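Given the sequences, and given the hints that come with them, work out the whole structure.
Here the numbering used here is used: the first residue of the sequence shown is 148, the next is one more, and so on.
Since the hints were derived computationally from the structure, they do not count as laboratory data.
This structure is a prediction, so every number in the text was calculated from the model and none was measured.
The beta-carbon is built from N, C-alpha and C at its ideal position, and this holds for glycine as well.
Treat each hint with caution, since some may be false.
To be verified - Just the calculated beta-carbon pair ranges, DEER-fashion:
1) GLY291 to SER197: 38 to 48 Å
2) GLY289 to GLU185: 37 to 47 Å
3) CYS392 to GLN240: 31 to 41 Å
4) THR360 to ASP243: 35 to 45 Å
Stated by the list, open to error - In silico DSS-like links for lysine-lysine, alpha-carbon gap of 25 Å or less:
5) LYS293 to LYS276
6) LYS369 to LYS293
7) LYS239 to LYS217
8) LYS239 to LYS293
9) LYS334 to LYS369
10) LYS276 to LYS261
11) LYS261 to LYS210
12) LYS194 to LYS217
13) LYS293 to LYS217
14) LYS239 to LYS162
15) LYS194 to LYS162
16) LYS276 to LYS334
17) LYS261 to LYS293
18) LYS162 to LYS186
19) LYS369 to LYS349
20) LYS210 to LYS162
21) LYS276 to LYS239
22) LYS186 to LYS217
23) LYS276 to LYS217
24) LYS261 to LYS217
25) LYS186 to LYS210
26) LYS293 to LYS349
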Amino acid sequence: MSCRFRPCIDLHEGKVKQIVGGSLRDDGTAPTENFVSEKPPGWFAEKFRSDNLRGGHVIMLGKGNDAAAKEALSAWPGGLQVGGGIRSANAKQWLDAGASHVIVTSALFDANGKFLQEELEQLVETVGKENIVIDLSCRRIGSGWKVAMNRWQTITELDISHDTLDRLLPFCDEFLIHAADVEGLCKGVDAELVGLLGSWGKCPVTYAGGAATMGDIEIVSKAGRGLIDVTVGSALDLFGGSGVCYAELVGMSGT
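Take a look at the structure:
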């Protein structure tokens, strides 16, 4: 039993970075950066393309990343998904720019975190469910998890549960779930969350957050029953980390 590796290109201020997810703020405070690449986004996209790592995600963390995202997408048309500020009004332009899917979170909620069913339905009408990934990135609240929007700063009314996944499944092709509390910390994955996702298993789900070693990848594989794909950021040697070897993940993915 193994899990498939999904690569990522996280963009902040037009550069490829690895950031501690919980440190992103709108108040002007600089986030905690684990890695800032000297290489452009297209370099990473071309590498993922050469290694046939499909279904990775390009995430725009804030404004000023459109050109960088389009550079990555143009380097591998159809090979990468894109997220960050996606809504029904601009989703098609990102598919036209080369994304295989658009990833959406914040547009599905109002400012207070109330879920907007009509916005999701509009998005499906605009680009089709087969081109949509719903990002249910979350924070632990009590004994469970709540979806967090607005760069993980605002807790919404939507919980992470089998019922929620069932409710949203007719409107998307995949789910992407960052465990925001451990994102970028390299202190281990949220195995309980992975287990909940793996016990559902009705469509592709990618987990991200906290992976520090190949042992953590094994935890995702076992807890997720081989049904949950995994993203590795700050611990990956490709992003300046030392705990996880990119070449090993490529081999694990069977490419």
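Checked hints:
| no. | hint | result |
| --- | --- | --- |
| 1 | GLY291 to SER197: 38 to 48 Å | holds (40 Å) |
| 2 | GLY289 to GLU185: 37 to 47 Å | holds (42 Å) |
| 3 | CYS392 to GLN240: 31 to 41 Å | holds (36 Å) |
| 4 | THR360 to ASP243: 35 to 45 Å | holds (39 Å) |
| 5 | LYS293 to LYS276 | holds (23 Å) |
| 6 | LYS369 to LYS293 | holds (24 Å) |
| 7 | LYS239 to LYS217 | holds (13 Å) |
| 8 | LYS239 to LYS293 | violated (28 Å) |
| 9 | LYS334 to LYS369 | holds (18 Å) |
| 10 | LYS276 to LYS261 | holds (21 Å) |
| 11 | LYS261 to LYS210 | holds (23 Å) |
| 12 | LYS194 to LYS217 | holds (16 Å) |
| 13 | LYS293 to LYS217 | violated (31 Å) |
| 14 | LYS239 to LYS162 | holds (24 Å) |
| 15 | LYS194 to LYS162 | holds (16 Å) |
| 16 | LYS276 to LYS334 | violated (35 Å) |
| 17 | LYS261 to LYS293 | holds (12 Å) |
| 18 | LYS162 to LYS186 | holds (8 Å) |
| 19 | LYS369 to LYS349 | holds (17 Å) |
| 20 | LYS210 to LYS162 | holds (12 Å) |
| 21 | LYS276 to LYS239 | holds (12 Å) |
| 22 | LYS186 to LYS217 | holds (15 Å) |
| 23 | LYS276 to LYS217 | holds (22 Å) |
| 24 | LYS261 to LYS217 | violated (31 Å) |
| 25 | LYS186 to LYS210 | holds (20 Å) |
| 26 | LYS293 to LYS349 | holds (20 Å) |
In summary, the numbered hints that this structure violates are 8, 13, 16 and 24.
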